[in-house]
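Colleague: In terms of my numbering, the sequence shown is residues 1 to 92.
Check each hint, because a few of them may be wrong.
To be verified - Distance condition first, Cα-Cα at most 20 angstroms in a straight line; then the derived SDA-like pairs of lysine to any residue:
#	residue 1	residue 2
1	Lys60	Asn43
2	Lys60	Trp17
3	Lys9	Cys23
4	Lys60	Asp21
5	Lys13	Trp26
6	Lys9	Arg66
7	Lys13	Tyr27
8	Lys60	Gln31
9	Lys60	Arg18
10	Lys9	His62
11	Lys9	Trp26
12	Lys13	Gln31
13	Lys13	His35
14	Lys60	Ser20
What the hints assert, rightly or not - If you anchor each label on the Cβ, the simulated ranges turn out as follows:
#	residue 1	residue 2	range
15	Asn43	Met16	21 to 31 angstroms
16	Asp21	Ile70	33 to 43 angstroms
17	Trp25	Tyr51	16 to 26 angstroms
18	Pro75	Met16	19 to 29 angstroms
19	Pro68	Asn43	44 to 54 angstroms
20	Ser73	Gln37	48 to 58 angstroms
21	Ile70	Gln37	21 to 31 angstroms
22	Asn43	Met1	52 to 62 angstroms
Hints were generated in silico from the structure; no laboratory data involved.
Even for Gly, the Cβ is constructed at its ideal location relative to N, Cα and C.
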Amino acid sequence: MELVAQTAKPSWKELMWRESDSCPWWYADSQRDSHRQFWTEANGEDYYDWYLQTQVESAKEHEPERSPAIQLSLPGLAASRARQESYLVDSF
1 MELVAQTAKP SWKELMWRES DSCPWWYADS QRDSHRQFWT EANGEDYYDW YLQTQVESAK
61 EHEPERSPAI QLSLPGLAAS RARQESYLVD SF
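Kindly generate the complete structure, drawing on both the sequences and the hints.
Modeller: Next up, the structure:
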């Protein structure tokens with residue numbers, strides 16, 4: 001048996017980040033409003049809008065999506081088999 005792919009389990013921080021696709025819309029909106037309020041109080045009115053307009057784009061390249069892995073069944077353990085088959089397994 002060979003492991004062909006492994007997917008890392010995301011952290012709660014990654015799941016609930018306001019720009020993540022997995023973040024619930026209502027939570028993302030709440031976080032954006034809180035973020036805007038923080039920067040407005042810290043740096044004055046309209047700072048957050050100015051920051052969004054003048055921020056530098058990231059040069060980080062996104063990894064292309066991988067094709068889904070195909071899981072092969074072990075002999076005799078297929079989910080839908082026409083007839084029962086018996087196999088002798090030796091351990092060394």
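Colleague: Which of the listed hints are broken here?
Modeller: 1, 8, 11, 16, 18, 21
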